[in-house]
Amino acid sequence: MYALDPALRVNLLGLSLICHSVVCCRVSPLQKAQVTSLVRKGARKITLSIGDGANDVSMIQAAHVGIGISGQEGMQAVMASDFAIAQFRYLTDLLLVHGRWSYLRLCKVITYFFYKNLTFTLTQFWFTFQTGFSGQRFYDDWFQSLYNVIFTALPVIMVGLFDKDVSASLSKKYPQLYQEGIRNTFFKWKVIAVWGFFAFYQSIVFYYFTAAASQHGHGSSGKILGQWDVSTMAFTCVVVTVNLRLLMSCNSITRWHYFSVAGSIAAWFLFIFIYSAIMTSFDRQENVYFVIYVLMSTFFFYLTLILVPVIALFGDFLYLSLQRWLFPYDYQVVQEMHKDDPHEYSMIRLPERSHLSPEEARSYAISMLPRENSKHTGFAFDSPGYESFFASQQGVCVPHKPWDVARRASMKQQRQQPQRTGRS
Amino acid sequence: MNSGDAAGSSSGGSGDAGAPRRASRKPKYSKFTQQELPACKPILTPKWVISVFLLVGVIFVPIGVASLLASNKVVEIVDRYDDACVPSNVTNKLAYIQNSTISKTCRRTLKVPKDMKQPIFVYYQLNNFYQNHRRYVKSRNDQQLRDASKANETTLCDPEKTRDGMAIVPCGLIAWSTFNDTYTFQHNTNNLSIDKTDISWKSDRDHKFGSDVFPKNFQKGPLIGGKTLNESIPLSEQEDLIVWMRTAALPTFRKLYGRIYVDLKENDTITVTLDNNYNTYSFDGKKSLVLSTSTWLGGKNDFLGLAYLTVGGLCFFLAFAFTLLYLIKPRKLGDNNYLSWNRNSAGH
Numbered sequence: 001m002y003a004l005d006p007a008l009r010v011n012l013l014g015l016s017l018i019c020h021s022v023v024c025c026r027v028s029p030l031q032k033a034q035v036t037s038l039v040r041k042g043a044r045k046i047t048l049s050i051g052d053g054a055n056d057v058s059m060i061q062a063a064h065v066g067i068g069i070s071g072q073e074g075m076q077a078v079m080a081s082d083f084a085i086a087q088f089r090y091l092t093d094l095l096l097v098h099g100r101w102s103y104l105r106l107c108k109v110i111t112y113f114f115y116k117n118l119t120f121t122l123t124q125f126w127f128t129f130q131t132g133f134s135g136q137r138f139y140d141d142w143f144q145s146l147y148n149v150i151f152t153a154l155p156v157i158m159v160g161l162f163d164k165d166v167s168a169s170l171s172k173k174y175p176q177l178y179q180e181g182i183r184n185t186f187f188k189w190k191v192i193a194v195w196g197f198f199a200f201y202q203s204i205v206f207y208y209f210t211a212a213a214s215q216h217g218h219g220s221s222g223k224i225l226g227q228w229d230v231s232t233m234a235f236t237c238v239v240v241t242v243n244l245r246l247l248m249s250c251n252s253i254t255r256w257h258y259f260s261v262a263g264s265i266a267a268w269f270l271f272i273f274i275y276s277a278i279m280t281s282f283d284r285q286e287n288v289y290f291v292i293y294v295l296m297s298t299f300f301f302y303l304t305l306i307l308v309p310v311i312a313l314f315g316d317f318l319y320l321s322l323q324r325w326l327f328p329y330d331y332q333v334v335q336e337m338h339k340d341d342p343h344e345y346s347m348i349r350l351p352e353r354s355h356l357s358p359e360e361a362r363s364y365a366i367s368m369l370p371r372e373n374s375k376h377t378g379f380a381f382d383s384p385g386y387e388s389f390f391a392s393q394q395g396v397c398v399p400h401k402p403w404d405v406a407r408r409a410s411m412k413q414q415r416q417q418p419q420r421t422g423r424s
Numbered sequence: 001m002n003s004g005d006a007a008g009s010s011s012g013g014s015g016d017a018g019a020p021r022r023a024s025r026k027p028k029y030s031k032f033t034q035q036e037l038p039a040c041k042p043i044l045t046p047k048w049v050i051s052v053f054l055l056v057g058v059i060f061v062p063i064g065v066a067s068l069l070a071s072n073k074v075v076e077i078v079d080r081y082d083d084a085c086v087p088s089n090v091t092n093k094l095a096y097i098q099n100s101t102i103s104k105t106c107r108r109t110l111k112v113p114k115d116m117k118q119p120i121f122v123y124y125q126l127n128n129f130y131q132n133h134r135r136y137v138k139s140r141n142d143q144q145l146r147d148a149s150k151a152n153e154t155t156l157c158d159p160e161k162t163r164d165g166m167a168i169v170p171c172g173l174i175a176w177s178t179f180n181d182t183y184t185f186q187h188n189t190n191n192l193s194i195d196k197t198d199i200s201w202k203s204d205r206d207h208k209f210g211s212d213v214f215p216k217n218f219q220k221g222p223l224i225g226g227k228t229l230n231e232s233i234p235l236s237e238q239e240d241l242i243v244w245m246r247t248a249a250l251p252t253f254r255k256l257y258g259r260i261y262v263d264l265k266e267n268d269t270i271t272v273t274l275d276n277n278y279n280t281y282s283f284d285g286k287k288s289l290v291l292s293t294s295t296w297l298g299g300k301n302d303f304l305g306l307a308y309l310t311v312g313g314l315c316f317f318l319a320f321a322f323t324l325l326y327l328i329k330p331r332k333l334g335d336n337n338y339l340s341w342n343r344n345s346a347g348h
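First to last, the sequence lines map onto chains A and B. For reference, each letter of the first sequence is one residue, going 1 to 424 in UniProt numbering. For reference, each letter of the second sequence is one residue, going 1 to 348 in UniProt numbering.
Here chain A stands alone, though its shape is the one from the complex (with noise of 0.2 Å):
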């Protein structure tokens, strides 16, 4: 406990934190949760610990994310923490390309939410100087109440589940790239101050060049558009735009991407058919009755309709090819040093079938099927071929010990039994 002494405790922080590395061993659980306690709270520093075993209960509740394999020495630590992975070596995996991922999407969640509101908010907002300051709303009721829950919120659910800036194999190849998260690069004030610069000249945009286009009669038939028409051509404009800036800003555009922003705008376009086609009794205020049919009849709704969306997005698109180009980020080298790769489901090459029979060929494709080989016994840290973190990095490989040889030898000729009787 010397070491961990109140009065020595400072000087031990001290000099750790210089070193790359610092092996503690012979402690006890105790002392490793001091020892992680003292850096979470010392160097205020994100700590993750890893274990296996109950004696590890303490150190993976003591630091900011706990992480238990579960194994031979039971489920202990698996219970006391926030992840649990089943070998040593999947925390390449869970930190490099699972956390990374996580923290791009969370990223990109929250700031286009915010973004999203604003622009539709700031647009009402506009509004108000030319209603002498009374507060009348610009929308419809309806409008407002379902923007967040139907014409917007699928496509940004898909974001966060399958957003990949690079593929998993290219996430461990870059390690660096996890870099990006520690310096919090996703989620600082410049970024979410260019978002809301933005959503800030989108709203411009969409109030007075739809106010302004909406002028004077339309039509052979020279009828004026009132207020409700206005708001509904604007609504559209809203909802139109703001799901395909989320597919501009989309690293991975899978179908159901599309099949999500699809459905939104034509949810959008069914929920006013239909809204606009009925008159109840319910109608507090002259409602949005037939408007959107009689604004589909003239040529002002598509012509704002392709003009809107597209003046709106033009901005961002001249900040992203710009930002690209000059100031690339990291991740975005990466996927241009690999965007001719074939992709990685994809990957499934067979051999010539010629010299296979069909059972040998079934078996053949089912073994390459993606799942695990491996020669783990189940101890946490035993990592049988694996010396060196970085020697695998760089391809070299470790010839097998002697040893272990045997020991796998004799474990394959278990293997028609569905019972292994553990190390031998």
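The set of hints was computed from the structure by calculation and includes no laboratory data. Just so you know, not all the hints are guaranteed correct.
Computed list of lysine to aspartate or glutamate pairs in DMTMM-like fashion (alpha-carbon distance at most 20 Å, straight line) [claimed, not checked]: (1) A:188 <-> A:316; (2) B:332 <-> A:336; (3) B:150 <-> B:195; (4) B:47 <-> A:336.
Put chain B on the given structure of chain A with help from the hints.
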């Protein structure tokens, strides 16, 4: 050994095909749950940027030209008359307007600048009139307008709800303030007839204003806000009222008054005899009379054409500028040196 499989992926390779894979607790593989869906990974390369700008430019410029040509073909005469139609010796304009004994007839002369083909649309334009004010917009009762049995529904119609204990039909400030200037036209000493039918939306006439609802108790108070309605004509045929009740979006707006089905030639003189009844003097409003032709796009509105042309031109300019940028500051796609850990060899 088997107890260690709780985390979901089995740790023991269970051999090849024939082995008991069904005994494994590994969840069924699906591309959706393993996030291996086929995806398109778009990258904004110079090729894409320039082609997008060129495409937008190529599409927008012709549309802009077409819209601007359509707008330029429209001939429009706008004549502001509220200041000229009050005699110059009147100092209190409000009292003048409110005095119902003085005749408010006024004659204006308009000159046709270019040939105008029929139908010619007659609009009245109001400036500084906030039809989009919150308390104005809510001051109506749609049920009363539709349904004769709901004649006593006057919620939200304050202050024009009831008069002498009886409900006003149609209630509310919007109906009370209906525009009531009238115009008659003479073209080279011939009287021009104005078609005042079908100036409102058909959906309004059919569904929003009932054909069995008649005005009642209307404009009977001490303050007359606008037009007095004929009590024997149902609301669905009172087209001026219907046009007025479609509240405008902005404080400067036009509303359709009628149509003229006569061709007018350049330099013709149109004499307008108008009744200057409507009070815009107490709030610095302006009244104008507008005669306008119409094209496939509508009335005179250069905005769409100009916007399309500007954006199209800007896109061409940007395509050119980006080409220059890519030539001046070239960057090989996927250049290793741009990775931050390679760039800042001295930094972190």
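Each hint tested on the structure:
Taking the CA atoms of residue 188 of chain A and residue 316 of chain A, the gap is about 18 Å. The hint holds against a cut of 20 Å. For the given pair, residue 332 of chain B sits about 9 Å from residue 336 of chain A by alpha-carbon distance, which is consistent with the 20 Å threshold. As the CA atoms of residue 150 of chain B and residue 195 of chain B are separated by approximately 32 Å, the hinted pair breaks the 20 Å bound. Straight-line distance between C-alpha atoms of residue 47 of chain B and residue 336 of chain A comes to about 13 Å, which keeps the hinted pair within the 20 Å bound.
Going through the hint list in order, the structure does not satisfy hint 3, though it satisfies all others.
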